[in-house]
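*Asks:* Read the sequence shown against this note's numbering and you will find it ends at 159, with the numbers running on by one and no gaps.
Simulated from the structure, these hints should not be mistaken for laboratory data. Here the structure is a predicted model, which means the values were calculated and not measured. We put the beta carbon where it would ideally sit given N, CA and C, even for glycine. One or more of the hints may lead you astray.
As the list claims (entries may be wrong) - Each computed EDC-like pair below joins lysine to aspartate or glutamate, with the alpha-carbon atoms no more than 20 Å apart:
1) Lys128 to Glu93
2) Lys102 to Asp117
3) Lys84 to Glu143
4) Lys84 to Asp94
Said to hold, decoys possible - Have a look at the derived ranges for each label pair, beta carbon to beta carbon:
5) Phe129 to Lys84: 16 to 26 Å
6) Ile135 to His69: 30 to 40 Å
7) Pro142 to Tyr105: 24 to 34 Å
8) Leu90 to Val67: 14 to 24 Å
9) Thr71 to Gly106: 32 to 42 Å
10) Gln92 to His69: 14 to 24 Å
11) Ala118 to Ser55: 10 to 20 Å
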Amino acid sequence: MKKLVTVSFFASLAACASTQTVLSQPPTQVFHSTNSQTKVAFCLANKNNTAALDQEDGSKVVLIKNGYGAVSMAFSIYPDANGSRIEYRKKFGTIGGIWRQCIGPEAQRAELTPQGIAPLHS
């Protein structure tokens, strides 16, 4: 029984998404916000109990991890002329969407689908 648990544990670790794996994927969705890069990054980090990481290209990255430490979502926030551009990358789903409050109305109107994010139809 112990061997089965140990093998299952290591197999689950092998399937975990690393930071680089998620960041190297194309964005699932790109959002634009009227809020500054700093304000969006702080909000995302604060609501998810994590930190925003400064990158060499000038972006700020906020990683959302599951209970096992695997990266489930990554946000790359870039300064934009009228606020910020947010590249959202989703590796696998998590429950909740408090991150949408930090980005603004565009993200709040979006609907999560199995293929990613799609606009809401009313």
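*Asks:* Now tell me if each hint is right for this structure.
*Replies:* Now for the hints, and whether the structure bears them out:
About 23 Å separates the Cα atoms of Lys128 and Glu93, which puts this hinted pair outside 20 Å; it is violated. For the suggested pair Lys102 and Asp117, the alpha carbons sit about 26 Å apart, so the restraint of at most 20 Å is broken. About 18 Å separates the Cα atoms of Lys84 and Glu143, which keeps this hinted pair within 20 Å; it holds. The suggested pairing of Lys84 with Asp94 is violated, with an alpha-carbon distance near 24 Å, which exceeds 20 Å.
Our hint of 16 to 26 Å for Phe129 and Lys84 holds, since their Cβ atoms are close to 19 Å apart. Checked against the hint of 30 to 40 Å, the pair Ile135 and His69 fails, with Cβ atoms roughly 19 Å apart. One distance hint, 24 to 34 Å for the beta-carbon pair Pro142 and Tyr105, holds here, with the actual separation near 33 Å. Against the hinted window of 14 to 24 Å, the Cβ-Cβ separation of Leu90 and Val67 comes to about 19 Å, which satisfies the hint.
Here the CB-CB span from Thr71 to Gly106 is close to 33 Å, well matched to the stated 32 to 42 Å. The beta-carbon spacing between Gln92 and His69, approximately 19 Å, falls within the hinted interval of 14 to 24 Å. Look at Ala118 against Ser55: about 33 Å separates their beta carbons, and that is not inside 10 to 20 Å.
Hint violations for this structure: numbers 1, 2, 4, 6 and 11, all remaining hints satisfied.
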